[in-house]
Amino acid sequence: MRRSLLARFLLARLGWAIPVILAILIVNFLIIHIVPGDPIQALIGDFPAPPGYADQIRHEFGLDQPVLTQLGLYLLNLAKGQLGFSFANRQPVLGLILQRAQFTLILMLPALALAASLGIVMALAAAPRAGSLYDSGLTALSLVGFSLPIFWLGQLLVIMFAIKLHLLPAQGMFSLRTRLTGWPYVLDVLWHLILPMFAVTIYYVAIVARVARASVLDALSQDFVLTAKAKGLSRRRVLWRHVLPNALIPVVTVIGYNFGYSLTGAILVETVFAWPGLGNLFITSIGNRDYPVLQGIFLLTAIAVVIANVATDLVYASLDPRVRSTGLRHA
Amino acid sequence: MSPTKPPILQIEDVRLTFRTREGAIRALNGASLTIHEGEAVGLVGESGSGKSTLARAVLGLNPERSSRIEAGRILMAGRDVTWLSQGEWEGERGHPVAMVFQDPLSFLNPIMRIGRQIAESIERHTPQRRVAERVGELLELVKLPSSLARAYPHELSGGMRQRALLAVALACEPRLLVADEPTTALDVTTQAEILALLRDLRERLGMAMLLITHDLGIVASACERLYVIYAGRVLEWGRTQNVFAAPAHPYTVGLFHAARADRDAKGRFATIGGEPPDLGEPAQGCPFAPRCPKAMTECVRSMPDATVLDQGESHAVRCWLYPQPGDAASASGRVVGG
Amino acid sequence: MHRTWRRFSSYRAGVLAAAYVLLLVLVALATPFLPGPDPRQISNEVMQAPSFAHLLGTDELGRDVLSGILHGVEVSLTVGFAAALAATVIGVVIGATAGYYGGALDLLVMRIAEVFQVVPSFILAAVIVALSGPGLTRVVTVIALLAWPQVARLMRGEVMRIKGLEFVDAVRCLGVREPVILATEVIPNALAPVLAAGTLIVAQAILLEAALSFLGLSSADLVSWGRMLNSGQRFLYNAWWLSVFPGTAIFLTVLAFNLLGDAIGAALNPRAEA
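Chains as they are written, first to last, in this note's numbering: chain E, 1 to 331; chain V, 1001 to 1338; chain Z, 2001 to 2274.
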C-alpha cells in the first residue's frame, strides 16, 4: 500500500514537471524568434559555418513555414537530442554541454554538501542560544551572503590566497606543467578545487544557515522532544535521533528547490577561476557569439532544475511520511 | 490506600519560578504531595494552576534555562532529585517514574515509526535481544494490534495515538506513571476507553499513577486520592470519596459547582467568578482570596497551615475557615463549615 | 529590554541603509556635475595603485577608478529602480487580477509564474541579452520579466486574504463595481508587503545587472560596476584595486537595499519578528 502511495506521489510530481519542461522548451523557442535579427543567426551563431549549413538548418527547423509548424519541428529536433552544432568547439552542442557539466558538478556537489553540513552545524550551535550575539551573527552572515556578488567573492579569494599569500592555485582544474595520473592527479584536482569550492560554499551557506536556524529552533520546541527526554534518552540522542531528522527536512527541501540558484552560483564562480565547466563554456560562448551553446545551456540547466525539484519532492516524501499520504507539495 | 506501602514520590513545599521577559512567574508556591507505591492520585486544577509544571518538575522537564526550583524537595523512591542537573537527569527519567502527555499527536515524533519510538524506551531501560517482540507485547498491553509498530503517528486516530504514547511510557517499566491530561484531547467515548485502560494497567502492573486533570469526573473514576491545586499551592487533599462527600475549601466547592454542570439561565456552565491569579505578584495570603466568596481579612494577610478534617483518612485543607492546628482557643471564634 | 534593543538595532540598520541609498540617489542625480576626471578619460597614468592623485587607483587605460565607481551609481540605480518598478507594476496587476477573480485565470497565471520561478533566471537573462545585444532597456526588460512572479504571488495571496474581509463585503453592498473595489479598496490595502518585496527586487536587479556586465553583457561605453570587475578580472595579479573597490560598491549597495527591504517589511508588519 505504501509503495503504491509513493508511486502515486511520483506520478503527481511528474504531472507537474512535464508541463513545466514543455513551457521551458517554448520559452527557448520564443527567444529565437523574439530577439531582434534573423532566427537563423540564433540557431547557428556567429562563428563561421560551412556554406550550405544555414540552408540545411533553415530546412530542418522549417523557418519558411508557419510558426506552429516551426514550433513542432523545433520540439521534434530537441526530442532527437538535436541541440545544434558548435562551430567554435567543432562539436555537437549536447555532447559538449554534458561533458562540461561533469566539471561543474565536481565543483558544485562538494560545495553543496559542505555548505549543508556547515549550515546545519552552525544552526545547531546557534539555535539554543536564540538572540545571543552568535545567533545574531548567523543572521547577519546570511544577509551578507545574499548580498555578495559571488564572482567578486571569487576575485577576492584569488587576490588573497593565491596572489598575496601564494597558498593555493588561482586558475584552472589541474596543473598544466606536469602530466599526472592516478592519486597525484586526484590530489592535484582537489588542490585546485579548494578556492572555487570555498567561494561557492560561502554563497550556499547563506541560504542553508537561515533556513536551518529556523528549522532547528522549531524542532527543538516541538512537544515530542519532551517525550523523548521523558523516556530517559540522553540529550545527544534526543538531538541526533529526534531533533536533527525533523530539522533536516526543510533544509533538504530548500537546498533542492534552490538547485537553479546554486547552479548559477557555480557557473559565475567558474568564470573567475577558469574552472572548465559550464560557466566557462558559457562565457567563452558569449565571446564567440556561439548562440546554440548558450541556448543549450539554458535548456539543459532549466530541465536539470525541474528534475532537481521532482527529486527533492521524492527525498522529502521519503523523509516525511506525512507527505507521502497526502501527496501534497510543501510550498 | 494502604498506609504500610512506602512512598514512591514525595514533593515537599516546592517553590519554582519561571524567568520571563515580563518578570518572574511563581508557578509553584510551596506545593506538597505524596504518592505511595501502587496508589492512584489525582491532581486537579484549572489551566495555569501549576499542575503541569508540577508534573514536569517530577522528571526535571521544565525548561532548564528559564525555570528554577527555589526551595523544597522532590524525592523519587526516597532519592532526592531536587537539584539534579540536566545531565544528571538523563539517567533518572523513565524509571521509576515515566510520563505521558496531553496531545498525543504533537508528543509523538512525526517521522519515526511507532514501534521505533517504543523500542527506544526498551533499549534504554531493559536492554534485551527480543526488542521487536517486546514492542508487540507492549502494543497488545495497551490494546493495539502489534502490526501498528510499523505505522507513523499521523496514520493513527487520537485514541490510538494516546495508547501508543502510553506504550512508550510503559516500555520504561515505571513504578509511577505521571499522566498529564491524558484524555483532554479526546472525545468522550475514547476518554472512557483510555481511563478504563489506565485502570486495567494499574491493576495488572501494580503501578502507581499521578493523574493530572481539570476534570473532577475523571478523578472520581480513576483515583483513590486527590489534591486540589490553585496558583501553585495545594489547597485541599484527601481520599476521593471524602473530598467528594464534603469539599472543604471554597475553591474546591466552586470546582464542584462548575463540574456538576450547574448551568445558568443562558445554558452556560457555571464558572468560578473573577480572574485567575496573577502569578507575578508575590502572594502573601491565600491566592484564591480575591475570587473567594467567603474571603476574610486574614485570607489576604497570610496563608493558613493545613487543618486535618478527618483523622486517619488525611482529608486536609488550607483555609482560614477551619481551625488552625494547635490553635483551639481561637478556633471557636471562627465559622466552621460552609 | 533585549527585544527592544533588537528592534532598535534592526531599525538602526534600516535607517543607515536608507541614508546610504539616499546618498546614492544624490550621486546618481548629480552624475553630470561630479568633480574629478571623466571615468572614460584615457590617460598615461595606467595601472596606478591608490594614491593621493587617484584615491582608488587607475585601470589599464589610465581611467580613474573612484570616478568610475561614482559614475557607475547611475547605471546600477537606474537598472535597479526601473526593473523593480516594472516588475512590481506587472506583478501587482497580474497578481491582483488573478487573486481577485480566481478560477482558470488564476490557475494559468500561477502556472506561468511558477515556470518563471523554476528556471534559472540569471542564465535565461544572460542568454536573452547575449542574443539580443546589450542595452540598458533590454536588461531592465529582462529583469522585470523574470522578477514579476515574486510580486504577483505575494499580491495574489494578499488580495485573496483581503477580499474575504468584512469591509470589502460592506463596500460591495453599496453597489460599487468590482474593478473599482479592486483598485480602490483591495490593492491599496495590499501594498505594504509589496513595497518590501519591491525593495528586495531592487537589490536582486542590481546584482543581476552587475553579473551580466561582469560576463561582458553590457555596452562598452557604459560605466558600470560589473564591467569594471570584468576588466579587473584580467589584472587580478597586478592591480587588486580594480576588483576590490567596484565590488565593494556593488556589495554595499545590494546589502543596503536588502536591509532596507527587510526593515520596511518589519516596520509595516509589527507581528513579524525582527
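Treat the hints with caution; some may be incorrect.
What the hints assert, rightly or not - Estimated spans, in silico, between C-beta atoms of each pair:
hint, chain 1, residue 1, chain 2, residue 2, range
1, E, L180, Z, G2036, 34 to 42 angstroms
2, Z, L2252, V, E1092, 38 to 46 angstroms
3, E, P245, V, A1024, 50 to 58 angstroms
As the list claims (entries may be wrong) - SDA-like cross-link-like pairs, simulated, lysine to any residue; straight-line CA separation at most 25 angstroms:
hint, chain 1, residue 1, chain 2, residue 2
4, E, K164, Z, L2055
5, E, K164, Z, Q2233
6, E, K80, Z, L2055
7, E, K80, Z, E2045
8, V, K1005, V, E1037
9, E, K164, Z, E2045
10, E, K164, Z, V2115
11, V, K1005, V, G1072
12, V, K1005, V, A1119
13, E, K164, Z, T2248
14, E, K164, Z, V2244
15, V, K1294, V, A1119
16, V, K1143, V, G1159
17, V, K1005, V, R1021
18, E, K164, Z, A2028
19, V, K1005, V, E1092
20, E, K164, E, G145
21, E, K80, Z, V2115
I should point out that these hints are in silico values taken from the structure, not numbers from a laboratory.
Heads up, the beta-carbon is just placed ideally off N, CA and C, and yes, glycines get one too.
Verification of the hints:
{"no.": "1", "hint": "E:L180 with Z:G2036: 34 to 42 angstroms", "result": "violated, 51 angstroms"}
{"no.": "2", "hint": "Z:L2252 with V:E1092: 38 to 46 angstroms", "result": "violated, 55 angstroms"}
{"no.": "3", "hint": "E:P245 with V:A1024: 50 to 58 angstroms", "result": "violated, 36 angstroms"}
{"no.": "4", "hint": "E:K164 with Z:L2055", "result": "holds, 21 angstroms"}
{"no.": "5", "hint": "E:K164 with Z:Q2233", "result": "holds, 15 angstroms"}
{"no.": "6", "hint": "E:K80 with Z:L2055", "result": "violated, 58 angstroms"}
{"no.": "7", "hint": "E:K80 with Z:E2045", "result": "violated, 56 angstroms"}
{"no.": "8", "hint": "V:K1005 with V:E1037", "result": "holds, 6 angstroms"}
{"no.": "9", "hint": "E:K164 with Z:E2045", "result": "holds, 24 angstroms"}
{"no.": "10", "hint": "E:K164 with Z:V2115", "result": "violated, 44 angstroms"}
{"no.": "11", "hint": "V:K1005 with V:G1072", "result": "holds, 23 angstroms"}
{"no.": "12", "hint": "V:K1005 with V:A1119", "result": "violated, 32 angstroms"}
{"no.": "13", "hint": "E:K164 with Z:T2248", "result": "holds, 19 angstroms"}
{"no.": "14", "hint": "E:K164 with Z:V2244", "result": "holds, 14 angstroms"}
{"no.": "15", "hint": "V:K1294 with V:A1119", "result": "violated, 53 angstroms"}
{"no.": "16", "hint": "V:K1143 with V:G1159", "result": "holds, 11 angstroms"}
{"no.": "17", "hint": "V:K1005 with V:R1021", "result": "violated, 44 angstroms"}
{"no.": "18", "hint": "E:K164 with Z:A2028", "result": "violated, 35 angstroms"}
{"no.": "19", "hint": "V:K1005 with V:E1092", "result": "holds, 22 angstroms"}
{"no.": "20", "hint": "E:K164 with E:G145", "result": "holds, 24 angstroms"}
{"no.": "21", "hint": "E:K80 with Z:V2115", "result": "holds, 23 angstroms"}
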